[in-house]
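Those sequence lines, one after another, are chains A and B.
So in this note's numbering, spot 150 of the first sequence is number 171, and the numbers just go up one at a time.
So in this note's numbering, spot 49 of the second sequence is number 401, and the numbers just go up one at a time.
FYI, nobody ran anything at the bench for these hints, they're computed from the structure.
A hint or two may mislead.
[Unchecked claim] Over 10 Å on every C-beta distance to chain A, these chain B residues come out as not near it, computed from the model:
{"hint": "1", "residue": "R475"}
{"hint": "2", "residue": "R515"}
{"hint": "3", "residue": "R546"}
[To be verified] Reference excerpt, derived from the structure (chain B facing chain A, CB under 10 Å, subset only):
{"hint": "4", "residue": "S401"}
{"hint": "5", "residue": "E404"}
{"hint": "6", "residue": "I406"}
{"hint": "7", "residue": "S446"}
{"hint": "8", "residue": "D447"}
{"hint": "9", "residue": "G516"}
{"hint": "10", "residue": "D621"}
{"hint": "11", "residue": "Q624"}
{"hint": "12", "residue": "P625"}
{"hint": "13", "residue": "M653"}
{"hint": "14", "residue": "A656"}
{"hint": "15", "residue": "L663"}
{"hint": "16", "residue": "G664"}
{"hint": "17", "residue": "L670"}
{"hint": "18", "residue": "H675"}
{"hint": "19", "residue": "R760"}
[What the hints assert, rightly or not] Short derived list, chain A residues pointing at chain B, Cβ under 10 Å:
{"hint": "20", "residue": "V29"}
{"hint": "21", "residue": "V33"}
{"hint": "22", "residue": "P39"}
{"hint": "23", "residue": "G61"}
{"hint": "24", "residue": "R86"}
{"hint": "25", "residue": "A87"}
{"hint": "26", "residue": "I126"}
{"hint": "27", "residue": "Y147"}
{"hint": "28", "residue": "G148"}
Keep in mind the model is a prediction, meaning the values are calculated, not measured.
Heads up, the beta-carbon is just placed ideally off N, CA and C, and yes, glycines get one too.
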Amino acid sequence: MKFRLEEVAYRVLPRVEPGRALAHAEWLVIVKAAEVFLDGAPVPVSPETVADNVERFLVRAGGNRAWRIRALCVMVELLPLSVCGRRFTQLSIAERRRLVEERMIAGGRLWSVVGKIRFIVRMGAYGDARAANAETGFVPIPLRRRFRKNDPQPMQVAS
Amino acid sequence: MTRHETVDVCVIGSGAGGSVVAWEAAKRGLRTLVIERGPYVRAEDLTHSELEMIPHLYKDGGLQLNTAMDMFIMQGSCVGGSTVISNMVLLRASDDVFATWRGLGADVSTEAMRVAYDDVEMRLGACEPDDDVVSRTSHLFLDGARAIGRTPRWMMKSLGKCRGCGNCNVGCTFGAKRDALTTYIRWAEDAGARVLPDTNVEAITHRNGRVTGLRCTTGRRREPLEVRARQVVVAAGAVGSSALLLASGIHRNVGTRVSFNAGAMMIGDFAQPLDSYDADQMSVYLEGDGWCIEATHNPIMSTALTTPGWLGEHGALLRRQRHLAYAGALVATEAVGRVVQSPVWGHEETRFAATDRDVTRLKDGLRTIAEAFFAAGATRIVLPTHRVQTIDSPRDLDRVSTCFRSTREISFGSAHPQGGNPMSDDPRLGAVRSDFSVHGFDNLFVADASVFPSCIGVNPIDTIMALASIASGRILARA
């Protein structure tokens, strides 16, 4: 019998509670990555909220690709063992930042794959309704003057 | 217990290709079933949140990558397919494209395509965008391109009564956009076709060159469903159609000649605020030697994902967002890609690496963007490299040629995959004959971008729909 890759991944990756898309360890990797990647970013969203948003995204996506994001989180967590002797989530912010600068930005193939975690973090941060603010200069559609007037239907805004 | 359906025509996929075939079949009085893997999402179900809509409307939640993981491939996965998340840009392929196709053994005449284009564009109400929804970015690019002696053009689009909210890529909450969902699919349903969303075709069963049925799962519980149809039309998109044929044990040239309109984004930084997010996402384009430039702007999450930079430099650019003008250079890549079934795991893989020619053309297109933005008054240009690199003067434009060597070093992606089931009457080259039937089959057809024998170089919806219109005549004449 032939197993599909995602079936194998789901057997190997940690068990996920019903209604969730990430195991706690994977959620924590996103939190710790967000602390580094969003330092000074114009989004008033906590790293925990970023991870929650990513998880909500994956739940909506129906799990088809969730295992790939989960596998990426595992890689992010474990690859630093090869250079720091500790897991990503065990490193201080300064150490994580140095890892990004010295390995992910300048590094080889595997590190550049691991560096894609920044896109996941940005998705969770800038996908939040609070990312449309004075600092980024985006105005949500329902708040734009010309859409407030004459609008034939009430617009929905993400919570 | 397995449910059974028996119809005259079963169309797999409801996007630009499948919707046209479904309508043509239904209006001829044929019992028509449209199977769609994604959900049925109506305008009232849409929100403005990218975080909510992208996983709902995009294939693989918008996370589809090539095997090398250096290129995003964006495709829709919902009733209406990629048209729902598109800007409904209707651009015709050049006559040279069809000459190339004929040279590869595909009997597609320029005149037949012209008639089909006219028909599709008339039905969709194609027109240039109203001036009051055109962004500052589009105007600046238009002015800048003219200033450097180029001839940019207004796009033909089918946006209906567009309000210019800039959120086309997460569906039209106003129900204005005339995509496949609000046109051909609706017309097909009015003519009696049934649409089955949330349904995945696991395999096409066949014997002696005839399709005997479709093995499907449907609904959240993945209940088994078997469909029998006199004719089966595969229109699951450039990657999906090849993957389905391969999963069904149909291999002759399947998955070959995959190409993309693929590209990268350049950013012009202007002194004055542009606020281009509050307008039609794209309205103008410029064609060059193997590339097409489209000035564009995205909502905030997509802007963050397409803006380069690590750590603080990314946030600094996002703070300049109101002043930034984005434009993408799309290259008509060589048809060197493949869709394959993983030999170990059986899942679909898209294998593609841009060739040296593709990279050279991309750099030429990116340089033209930089020239145009400088001519329009940009104070600096941000290159598409992962780490922020800027050009602060037109004198330094040569840096575009040296700032990257391979597409791995830049943000590179495509929303226009093509090929995989190339059309050719030569069985050594083609997966599909000119009558759209799969080689070796008499009741299995393909009618989507996967039949393109080469890349067309412009947004493909118009060509897919026109080709599907021609396909309908050839396929349904045999029904």
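Going down the list of hints, with the structure as the test:
1. The non-interface label for R475 of chain B is consistent with chain A: the shortest C-beta to C-beta separation is roughly 25 Å, beyond 10 Å.
2. With a minimum CB-CB distance of about 7 Å to chain A, R515 of chain B fails to clear the 10 Å threshold, and the non-interface call is violated.
3. A cut-off of 10 Å between C-beta atoms confirms that R546 of chain B is not in contact with chain A; the least separation is 23 Å.
4. This hint holds: S401 of chain B has a C-beta 3 Å from the nearest C-beta of chain A, less than the 10 Å allowed.
5. A cut of 10 Å between beta carbons decides the hint on E404 of chain B: the least distance to chain A is about 6 Å, and the hint holds.
6. This hint holds: I406 of chain B has a C-beta 8 Å from the nearest C-beta of chain A, less than the 10 Å allowed.
7. Interface hint at S446 of chain B: violated, since its Cβ lies 35 Å from the closest Cβ of chain A, which is beyond the 10 Å cut-off.
8. Given hint, D447 of chain B at the interface with chain A, is violated; its Cβ is 40 Å from that chain's nearest Cβ, farther than 10 Å.
9. Because the beta carbon of G516 of chain B sits about 9 Å from the nearest beta carbon in chain A, less than 10 Å, this interface hint is met.
10. Taking 10 Å as the C-beta contact cut-off toward chain A, the hint placing D621 of chain B at the interface is violated, the least distance being around 13 Å.
11. Contact between Q624 of chain B and chain A, as hinted, is not supported at the beta carbon level, the nearest pair being about 13 Å apart and thus beyond 10 Å.
12. At about 7 Å, the closest approach between the beta carbon of P625 of chain B and any beta carbon in chain A falls short of 10 Å, and the interface hint on this residue holds.
13. With its C-beta approaching chain A no nearer than about 4 Å, M653 of chain B sits inside the 10 Å limit, and its interface hint holds.
14. Using the Cβ-Cβ criterion of 10 Å, the hint placing A656 of chain B at the interface with chain A is satisfied: the shortest such distance is roughly 4 Å.
15. Interface hint status for L663 of chain B: upheld, as the beta-carbon distance to the closest one in chain A is roughly 7 Å, under 10 Å.
16. The interface hint given for G664 of chain B is met, as the beta carbon of that residue sits about 5 Å from the closest beta carbon of chain A, less than 10 Å.
17. The interface hint given for L670 of chain B holds, since its Cβ lies 6 Å from the closest Cβ of chain A, which is under the 10 Å cut-off.
18. Interface hint at H675 of chain B: satisfied, since its Cβ lies 8 Å from the closest Cβ of chain A, which is below the 10 Å cut-off.
19. The interface hint given for R760 of chain B holds, since its Cβ lies 7 Å from the closest Cβ of chain A, which is under the 10 Å cut-off.
20. Because the beta carbon of V29 of chain A sits about 8 Å from the nearest beta carbon in chain B, less than 10 Å, this interface hint is met.
21. Because the smallest distance between the Cβ of V33 of chain A and any Cβ of chain B comes to about 13 Å, over 10 Å, the interface hint for this residue is violated.
22. A distance limit of 10 Å between C-beta atoms decides the matter here; for P39 of chain A the minimum to chain B is near 14 Å, and the interface restraint is violated.
23. For G61 of chain A, the interface hint holds, the least distance from its beta-carbon to any beta-carbon of chain B being 5 Å, beneath 10 Å.
24. Nearest Cβ of chain B to the Cβ of R86 of chain A: about 4 Å, under the 10 Å cut. The hint holds.
25. Hint status for A87 of chain A relative to chain B: holds, with the closest Cβ pair at about 8 Å, below 10 Å.
26. Because the beta carbon of I126 of chain A sits about 5 Å from the nearest beta carbon in chain B, less than 10 Å, this interface hint is met.
27. Annotation: interface hint on Y147 of chain A holds; nearest CB of chain B at approximately 4 Å, less than 10 Å.
28. Below 10 Å, beta-carbon pairs count as interface contacts, and G148 of chain A has one with chain B at about 3 Å; its hint therefore holds.
Hint compliance for this structure: hints 2, 7, 8, 10, 11, 21, 22 are broken, all remaining hints hold.
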